[in-house]
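Trainee: This is what each chain is made of:
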Amino acid sequence: MNSDSLKVLVCDDSILIRKKLKDCLLELGCKEVLEALDGQNAVDMYKEHKPDLVFMDIVMPIKSGIEAVAEIVEFDKKAKVVMASSSGTKTHLRKALEAGAYEFIQKPFEEAQIKNIIDNYKKED
Amino acid sequence: MFTQFFGSYLLNKKLISPEQLKDALDFQKTVHVKLGVMAVNSGFMKADDINTVHNMQTKVDKKFGEIAIEMGFLTEEKLSILLSSQKSGHLLLGQAMVDKGYMNLTEFEAALNDYKKDYSLTDDQFKSLQNEEAGEFVNTFYNFENCPESSIYKRYVSLLMRNIIRFIDDDFKALPLVAVNELKFNWLASQEISGEVGIFSAISANEKDFIAFAGKYAKEDYTAIDEYSQASVGEFLNLINGLFLVNMSIDDIELELAPQLVNSEKSLKGLTDAFCVPVLFTFGRVDFIVAKPNPSIA
Numbered sequence: 001m002n003s004d005s006l007k008v009l010v011c012d013d014s015i016l017i018r019k020k021l022k023d024c025l026l027e028l029g030c031k032e033v034l035e036a037l038d039g040q041n042a043v044d045m046y047k048e049h050k051p052d053l054v055f056m057d058i059v060m061p062i063k064s065g066i067e068a069v070a071e072i073v074e075f076d077k078k079a080k081v082v083m084a085s086s087s088g089t090k091t092h093l094r095k096a097l098e099a100g101a102y103e104f105i106q107k108p109f110e111e112a113q114i115k116n117i118i119d120n121y122k123k124e125d
Numbered sequence: 001m002f003t004q005f006f007g008s009y010l011l012n013k014k015l016i017s018p019e020q021l022k023d024a025l026d027f028q029k030t031v032h033v034k035l036g037v038m039a040v041n042s043g044f045m046k047a048d049d050i051n052t053v054h055n056m057q058t059k060v061d062k063k064f065g066e067i068a069i070e071m072g073f074l075t076e077e078k079l080s081i082l083l084s085s086q087k088s089g090h091l092l093l094g095q096a097m098v099d100k101g102y103m104n105l106t107e108f109e110a111a112l113n114d115y116k117k118d119y120s121l122t123d124d125q126f127k128s129l130q131n132e133e134a135g136e137f138v139n140t141f142y143n144f145e146n147c148p149e150s151s152i153y154k155r156y157v158s159l160l161m162r163n164i165i166r167f168i169d170d171d172f173k174a175l176p177l178v179a180v181n182e183l184k185f186n187w188l189a190s191q192e193i194s195g196e197v198g199i200f201s202a203i204s205a206n207e208k209d210f211i212a213f214a215g216k217y218a219k220e221d222y223t224a225i226d227e228y229s230q231a232s233v234g235e236f237l238n239l240i241n242g243l244f245l246v247n248m249s250i251d252d253i254e255l256e257l258a259p260q261l262v263n264s265e266k267s268l269k270g271l272t273d274a275f276c277v278p279v280l281f282t283f284g285r286v287d288f289i290v291a292k293p294n295p296s297i298a
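Residue numbers (the working numbering), protein chains in the order written: chain A, 1 to 125; chain B, 1 to 298.
Think of the hints as simulated: they come from the structure by calculation, not from any bench.
Every residue, glycine too, gets a C-beta built ideally from N, C-alpha and C.
Certain hints may be false.
DMTMM-like cross-link-like pairs, simulated, lysine to aspartate or glutamate; straight-line CA separation at most 20 Å [said to hold, decoys possible]:
#1 K90/A x D251/B
#2 K34/B x E76/B
#3 K22/A x E192/B
#4 K90/A x E67/A
#5 K216/B x E111/A
#6 K19/A x D226/B
#7 K63/A x E192/B
#8 K63/A x E256/B
#9 K123/A x E111/A
Sample of chain B residues lacking proximity to chain A, with all beta carbon distances greater than 12 Å (derived) [claimed, not checked]:
#10 K13
#11 M71
#12 K116
Sequences are here, hints too, so could you generate the full structure?
Mentor: Here it is as structure tokens:
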């Protein structure tokens, strides 16, 4: 799959992180980047738009990223959710993987890490 | 890391004024560290010896090093060590203050010696401190007196200092700690860590400095407090706290983070075991606060 056909959902309560990630993904050639402000918003948007890939923060108001990824994977067993958090503790990592996360990256992330994730996704798909 | 603390030590001891420190910090970017300052810093020569060599230089057309060797103040080997040594930040600051006339070499030597004495440092410890990580400085510089959370706070603040250098600016002065039980603020980003170790953490500044700090972290040119500048300061705090959680997790202490909040024109009340860690950047002052969880913001 080419990145120019990828639809990505970015979920983070920080407008700054959403903007940085969106700019980076568009620069890497993704076709469409959607934004969700919290875990519940991400679940709703996933169901509506069925993105190819999701970048999900963990600590967020209303619904955490871990709860959101569990609901998304329950809805779509093939969902690819990358946890992107500054708090990559052993507990968070374990819970994220148990919930069905596809990958985990520690903030602050570099463009090269995002590119690597996109490249890996394209190879697998 | 020593630079950040030596500048504030001089300030705290009233050896220089805040204006002089700021001026010297600006000036040090263009300064050339001379052998005299390096020799005093290394302990190879006394300030009086330097002055003797300087006097001799007015009479004979020779370089500082040559005269110092001829007069027996230095050996070839020591001169070689000085010439190849790293011109670390506090030397630039020292030279800037000497060049500006805010201190002479004798006063610079005395300040360095007093610093070693005040922190009970041997010459070898002092040498290694100049190349050490933030943790050593936090241990010697910050004394969270009578605070049961002292060791945790020191761990937190050394992580904070390392990441200020990494993500904001290495050109700053860490001012001495201030114990606080109430804090009126202009702008404040805060976040709570909960679990076995609970910490209330916050970043506070006036509007101008809050915007400048936000711009530094986001690498953007912000001119007003908006969603982006607020998110930037909140995200820096979230980064520090996230890394703190990861470090604690390595020690099998699992903690949780609450989402960060940004408030303006309010007060922090009911603070317990609370300390303000003020940092003077070239763009302004930012206060970092650590306390026990659950103070009220009203």
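Trainee: Straight-line Cα separation of K63/A and E256/B no greater than 20 Å?
Mentor: Satisfied, since the Cα-Cα distance of roughly 14 Å is no more than 20 Å.
Trainee: Since M71/B was said not to touch the interface, does its Cβ keep a gap of more than 12 Å from each Cβ of chain A?
Mentor: Holds, because the least Cβ-Cβ distance between M71/B and chain A comes to about 54 Å, which exceeds 12 Å.
Trainee: At 12 Å, judged by beta carbons, does K116/B keep clear of chain A as stated?
Mentor: holds, 37 Å
Trainee: Decide if the proposed pair is consistent with the structure: K216/B and E111/A, CA atoms, cutoff 20 Å inclusive.
Mentor: Within the cut-off at roughly 19 Å; holds.
Trainee: Holds or violated: are the alpha carbons of K22/A and E192/B at most 20 Å from each other?
Mentor: Between K22/A and E192/B the Cα gap is close to 28 Å, so the pair fails against 20 Å, i.e. violated.
Trainee: Checking one constraint from the list: CA of K63/A to CA of E192/B, max 20 Å. Satisfied?
Mentor: Answer holds: K63/A to E192/B is near 17 Å, not above 20 Å.
Trainee: Just to be careful, I want the Cα atoms of K90/A and E67/A compared with a cutoff of 20 Å; is the pair within it?
Mentor: OK: K90/A and E67/A at ~17 Å, within 20 Å.
Trainee: K123/A and E111/A: Cα distance at most 20 Å?
Mentor: Answer holds: K123/A to E111/A is near 18 Å, not above 20 Å.
Trainee: For the pair supplied as a hint, K34/B and E76/B, is the alpha-carbon distance within the 20 Å limit?
Mentor: holds, 17 Å
Trainee: Within 20 Å, alpha carbon to alpha carbon, are K90/A and D251/B?
Mentor: Holds, at about 10 Å.
Trainee: Would the hint linking K19/A and D226/B be met if the CA-CA limit is 20 Å?
Mentor: Holds, at about 14 Å.
Trainee: Check the non-interface label on K13/B: least C-beta distance to chain A beyond 12 Å or not.
Mentor: holds, 37 Å
Violation of the numbered hints given earlier is confined to hint 3; every other hint is satisfied by the structure.
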